[in-house]
Each structure stands twice: as C-alpha cells, then as structure tokens.
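Residue numbers (the numbering used here), protein chains in the order written: chain W, 1 to 114; chain Z, 115 to 227.
By construction, these hints were calculated from the structure, which means they are not laboratory data. Keep in mind the model is a prediction, meaning the values are calculated, not measured. In this text, a Cβ means the ideal position worked out from N, Cα and C, and glycines have one as well. You may find that some hints are simply not true.
[Said to hold, decoys possible] Estimated spans, in silico, between C-beta atoms of each pair:
(1) Z:MET167 / W:PRO79: 16 to 24 Å
(2) Z:LEU197 / W:TYR39: 21 to 29 Å
(3) W:ILE53 / Z:LEU209: 16 to 24 Å
(4) Z:ARG142 / W:ARG17: 38 to 46 Å
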Amino acid sequence: DQQVKQNSPSLSVQEGRISILNCDYTNSMFDYFLWYKKYPAEGPTFLISISSIKDKNEDGRFTVFLNKSAKHLSLHIVPSQPGDSAVYFCAALRANFGNEKLTFGTGTRLTIIP
Amino acid sequence: AAGVIQSPRHLIKEKRETATLKCYPIPRHDTVYWYQQGPGQDPQFLISFYEKMQSDKGSIPDRFSAQQFSDYHSELNMSSLELGDSALYFCASSLTKGYYEQYFGPGTRLTVT
Numbered sequence: 001d002q003q004v005k006q007n008s009p010s011l012s013v014q015e016g017r018i019s020i021l022n023c024d025y026t027n028s029m030f031d032y033f034l035w036y037k038k039y040p041a042e043g044p045t046f047l048i049s050i051s052s053i054k055d056k057n058e059d060g061r062f063t064v065f066l067n068k069s070a071k072h073l074s075l076h077i078v079p080s081q082p083g084d085s086a087v088y089f090c091a092a093l094r095a096n097f098g099n100e101k102l103t104f105g106t107g108t109r110l111t112i113i114p
Numbered sequence: 115a116a117g118v119i120q121s122p123r124h125l126i127k128e129k130r131e132t133a134t135l136k137c138y139p140i141p142r143h144d145t146v147y148w149y150q151q152g153p154g155q156d157p158q159f160l161i162s163f164y165e166k167m168q169s170d171k172g173s174i175p176d177r178f179s180a181q182q183f184s185d186y187h188s189e190l191n192m193s194s195l196e197l198g199d200s201a202l203y204f205c206a207s208s209l210t211k212g213y214y215e216q217y218f219g220p221g222t223r224l225t226v227t
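Bound-form chain Z, shown alone:
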C-alpha cells in the first residue's frame, strides 16, 4: 500500500540558510500534520492542514512556514536556520477530519552546521 512520502530524507544546511521539506500524503488523504523530533525526545506537533487550509498550529517558530497545495502535498519552509533546528521532521497524513489515525512518513533528518 502507498505510504507517506517525504523528501529529502537527509538535509545538511548551514546556520542562517533556508530549507524546504516536502510531504506527499497517502492518496485520498486530505489532512497533513508536521512534527519535529529532537534527539532523545518525543515528536512535537508543529502545524496541520485540512483541505489546503491551516487547521492547527503548535510550537512552530515564526521562521517556519508551511502550506498545503491543491494536490494535498505539503511543504515546510524553514528560514534563518539555527543549530537547534537540527532534528527529525515527520509528516503524517490522515484520511480526513474525524479520522484520528495518523500515518507517518519516514522523516527528513535535518542537520544544521
């Protein structure tokens, strides 16, 4: 079965650079979530989209922005990168609002040097 696709899988950036992470949800899923997992930590919610509209926002820095496109894929844009942004970034999708099981992609490992 098709799963959530994330690209790139690994990304190395320098401080103050920008990064764009992409997420392609499971086909027919219209809801996308982004989570950040720091070393030795549990995943923390960043932001979610339902039907191309932002539906919820967590502890996402103002330097980060995200959107969901007409084909339901989503992009997380990160600017002025800091060392502390180094983490695993997971995208998850669910069928639609009210379906609570979220299916995760393999993650993008971002390293900021």
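Just chain W, same shape as in the assembly:
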C-alpha cells in the first residue's frame, strides 16, 4: 500500500525554466512533509519541508506548496539548473502522533536539459 505517490517517474525541463514535481498522499494523518534530492551512490539530501499548518514554504530557488484538502504537494524549482538533475523523493510523517519515521514516495527523476 503506497501511501505516498509520485506519479511521474521522470521529468525533463529546459535549463532556466521552472521544474514542478508532484506528490500525492493517502494517509490524512500525515502532517509534515519533506523533499529530498538523491544522486546515484549518495544518500538523500534534505531540500525543504512544510508543516500541515502552512500551505507554502520557500527557500531560495525551492518552494513547496501543500494542498491538504487534495492531499497533494508540489516542489517548484526556479530557475532550474543542470546540477538539479537527480531523483527527487517526497516524504511524509505523522509529527503530531510522535511518529517521526519517514514514508517515502517512489521518486521522480528530474533531468535538466542545457
């Protein structure tokens, strides 16, 4: 039962344009969400997070949007750079239940085209 889903296995974006990665979840008890970036042979790198009490969080080129009613979040990267090419995972946890294990999505491979 995949509780966190990333329906696009891959995405290609021109350098300088906006990259939008999407994530859906089914468990309404998730209340904290994180995005990670992963290069081959490396561990996931934390990018940005958002609590369910917010609908937007921004950090430099990265912005995460959360739509609780739709159980949907998205990561916007603008402008996209070649170094952004990687696999992106969204992850969720149940902070208010003291349950801090991450449940990951299946990942989206982002390729930035120079």
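The hints should help you fit chain Z onto chain W, whose structure is shown.
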C-alpha cells in the same frame, strides 16, 4: 559541515552469514533512523533510536537487531543473511525528537551472494 558517516560503504556477504553496519550521526544529534532501499524501490523505514532507546520499529526482520550506544552511534546487526537482504542501507540522524528534518548518510550497499 560534518555529515552522517556510515561504514562500510560496500559489503559482500554470503547467504547465512552475519553483517554489522555502523552509523555515526551528525555531532549533537541524538536520534538515529535506519532505512532499507531495495533495487528500484523507495527507502523503507526499519528502526529508530532516541537517546539510546528504541523509539519506533518498522518492517524489520527478526533476524536484524540494532542498538544505539552512549556516543550516539548506532549499529545494525543482520544475521542469517538472505539474498533478499541485498539492498542499500541508509542511516539518518536528526537533532532530537520534534526536529523532523532527517539527514542521511551515504549508505552501505550490502550484496548477499
């Protein structure tokens, strides 16, 4: 900045052997998590520790055990290894309970032959 250290980075074992994976969290982090990532899969939570006590357990086989030591490093012990245990094993640390950002190590690639 100091990151999470995992050792070894690569490990090859035969079926029915044992393996020990080590994790050294970021300094001053007292919470450690272990995840397993199979080929083409997303990372799956195994077990976590907070202040040297087990705090949560996921789908970890009974053949696996783990602990966190007084210096906050953690070890994952795997016995009676099976072919299906071949995977990437990640350790992550967070500052403490209530700080949700987890920082991952580079992983240990375990191959069971």
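To see whether the hints hold, each was checked on the structure:
no. : hint                           : in the structure
1   : Z:MET167 / W:PRO79: 16 to 24 Å : violated (45 Å)
2   : Z:LEU197 / W:TYR39: 21 to 29 Å : holds (27 Å)
3   : W:ILE53 / Z:LEU209: 16 to 24 Å : holds (20 Å)
4   : Z:ARG142 / W:ARG17: 38 to 46 Å : holds (40 Å)
Of the numbered hints listed earlier, the single one contradicted by the structure is hint 1.
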